[in-house]
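Participant: Chain residues, written in single-letter form:
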Amino acid sequence: MISDYIGIAFRNLRRRGIRSYLTLLGIFIGIAVVISLISLGNGLKVAVNSQFGISSTQVISVQAGGLTGYGPPGTGVIKPLTKDDAIAISKLNNVEKAVGRNVESLKLEYNSKSQIGFTTNIPSGEDRKFVYETIEISPLVGRLLKDGDSGVVVLGYNYYTNEETFGKIIKPGNRVLISGKSFEVIGITEKKGSFIFDNIIYMNEKDLEELTGDSETLDLIAVHVKTKEDMPQVKEDIERILRKIRNVKIGQEDFEVSTPEQALSTVNQILTGVQIFIVLIALISILVGAVGIVNTMTTSVLERKKEIGTMKAIGARNSDIFYQFFIEAGLLGLIGGIAGVVFGIGLGYLGTLAINNFIGSSTTPEISVALIVFALLGSFVIGSVSGIAPALRAAHQNPVEALRG
Amino acid sequence: MQGIIELRDVAKYYIMGEAIVKAVDGVSIKIGKGEFIAIMGPSGSGKSTAMNLVGSLDLATKGAIFLDNVNIEHLEESDLAQIRGQKIGFIFQSFNLIPNLTAKENITLPMIFQGMNREDREERAESLLKMVELSDRMDHYPNQLSGGQQQRVAIARSLANNPDIILADEPTGNLDTKTGELVMSFLEDLNKKGKTIIMVTHDPKLAMEHAETIYWLKDGKVEKVTERQGKVWKEKSIVKKRK
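Protein sequence lines correspond, in order, to chains A and B. What the first sequence shows, in the numbering used here, is residues 1 to 405, in sequence order. What the second sequence shows, in the numbering used here, is residues 1 to 243, in sequence order.
By construction, these hints were calculated from the structure, which means they are not laboratory data. It is possible that part of the hints are untrue.
[Said to hold, decoys possible] Chain B regions said to be covered by chain A (calculated; three or more residues, Cβ under 8 Å):
id, stretch
1, 48-62
2, 73-82
3, 86-93
4, 102-116
[Stated by the list, open to error] Here are a few chain B residues that face chain A, going by a calculated C-beta distance under 8 Å:
id, residue
5, Asn96
6, Ile98
7, Lys178
Positions of the beta carbon are idealized from the N, C-alpha and C atoms, including for glycine.
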């Protein structure tokens with residue numbers, strides 16, 4: 001019987017044509033916004049997270065200074081970290097490796113044009129492997145640096161694709177001047193989707209130390225933890241040992257030990273806040289849609305008064321009439337929901353494409369089946385709940401009065 | 001003769017502002033199985049109200065209405081709807097087909113309300129359409145049918161649950177003479193097959209042409225009851241009606 005009513009409800013919606021679709025608008029917009037936002041939002045988080053270049057969750061980073069924010073590492077350093085610090089950390093329990101990292105802002109000249117580029121050191125031996133794994137780089141053309149290389153650099157993706165800065169692109173085999181010294185480019189890394197990593201210069205540690213004349217200080221120590229579960233404990237241990245070495249009290253640390261989760265959660269909190277706000281607006285839209293359905297269904301009850309009377313005369317019970325209008329309202333919501341989901345997914349894809357183009361990332365929208373099912377179910381429920389009052393009104397029509405039309 | 005519908009001293013009052021309108025005021029009608037009766041009267045005579053009461057669409061203010069010896073006053077709304085759907089087939093002046101359902105679907109509707117399964121009701125709808133000679137219009141929508149065709153679909157619909165009683169409210173009112181006659185001939189046929197026909201009309205010619213008994217209503221009361229005996233109409237004793 002319910003299936004019959006669904007069929008009849010479809011007929012009624014179709015008959016009312018454009019008016020049905022106008023009613024759907026509120027639900028449609030609301031669902032579309034929620035779906036696109038959530039699928040885009042996840043993509044957005046991935047994009048922002050990737051900008052930090054923190055992909056391995058088993059790495060703790062140690063930086064000198066207080067909270068330096070999210071600027072380039074090493075800026076605003078008062079008392080820099082040293083190689084001794086790194087050695088001390090590497091001896092802690094549950095620490096696999098502690099690798100010193102440096103990022104220097106150096107002038108890169110090519111084709112008679114110059115630009116300041118972040119140059120980072122690549123250590124030798126086992127540490128090299130660790131660094132490559134942590135920052136997840138691989139060559140697009142040419143090769144990566146290896147032990148024994150000297151006077152050569154590997155450049156980020158953008159040097160190879162963007163010809164605006166230097167008038168032409170830089171290819172392996174070309175020579176560039178870094179801080180006035182000539183280096184041969186031997187490789188270009190694949191696109192990382194991160195502004196920093198796509199504009200970086202990789203240089204063997206020894207070359208960089210010679211270039212800067214500094215072989216003691218470190219901008220950052222990347223600590224590889226044996227198991228992820230040990231991370232909080234290792235963080236505490238690092239803090240304790242650095243306090244001792246650097247002779248500072250608790251609460252006055254001139255260094256910061258941060259886990260990837262910490263960094264990500266701050267960003268994610270902000271993004272979540274924005275999402276909640278937009279979802280609230282979407283909910284208002286859905287509420288407006290629900291009111292629209294109440295309105296349409298009420299009008300429909302009045303218009304179909306004579307039909308209701310006729311159906312009662314030929315044996316329809318109040319419940320039969322109720323279900324017809326109730327289901328019709330639910331379907332109205334559901335159709336709005338389906339349209340919203342389709343449009344929302346499309347919007348999510350377009351938005352992600354736009355983000356990728358804008359910040360040079362390569363994220364994909366995260367479409368969750370659960371979310372879609374929830375949205376469709378939700379829109380049906382919203383529709384049918386909106387239909388309750390009009391449906392009751394239809395069901396309780398006096399047959400004689402209803403037949404009069 | 002067993003009464004299939006009986007109104008016992010039934011009254012229906014409406015409150016209009018401060019005034020009480022006595023639409024039907026003390027009407028007793030007893031209709032036997034297989035009869036063809038007409039309820040006659042000019043507009044404002046209370047015949048529409050009487051029809052609603054006979055069709056159990058409305059409950060009386062006073063008096064009792066029996067449908068197959070059951071006092072409908074004590075029935076639940078849903079039970080009454082079910083019984084109405086089973087026992088009475090309605091035919092309306094303006095056909096009252098559901099516009100967005102096809103002819104066939106309109107006929108299946110009363111069977112849906114009785115919970116009949118799809119196969120059975122489709123088969124029955126098709127045979128009923130054949131009976132009213134509209135098999136070729138099965139999938140047409142009401143607005144694609146002429147008035148006469150629509151009324152024939154309505155007749156088929158009224159027979160959907162094979163009711164004992166057909167209640168026709170001005171069945172020819174919106175039709176031209178010729179199609180009206182065709183519709184009436186269907187009703188006559190049904191009567192011959194044993195259906196009780198109750199026709200409400202303001203047209204004495206139509207009533208006298210087809211009915212066997214005519215209740216003449218005026219100002220909410222039964223003014224007289226006439227019966228056909230052979231070719232002449234004789235007034236029934238009103239006294240007999242009241243105990």
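Participant: If a hint holds in the structure, say so; if it does not, say that too.
Facilitator: Each hint, compared with the structure:
1. Note: the stretch 48-62 of chain B has 4 residues with beta-carbon separation from chain A under 8 Å; the three-residue rule is met and the coverage holds.
2. For the stretch 73-82 of chain B, the proposed coverage by chain A is satisfied: 4 residues have a C-beta within less than 8 Å of a C-beta in that chain, meeting the threshold of three.
3. Closer than 8 Å: that is the beta-carbon criterion, and the stretch 86-93 of chain B has 4 residues meeting it against chain A, so the requirement of 3 holds.
4. With a threshold of 8 Å between beta carbons, the proposed coverage of the stretch 102-116 of chain B by chain A holds, since 6 of its residues qualify and at least three are required.
5. Hint status for Asn96(B) relative to chain A: holds, with the closest Cβ pair at about 4 Å, below 8 Å.
6. A cut of 8 Å between beta carbons decides the hint on Ile98(B): the least distance to chain A is about 6 Å, and the hint holds.
7. Interface restraint check for Lys178(B): the shortest CB-CB distance to chain A comes to about 26 Å, outside 8 Å, so the restraint is violated.
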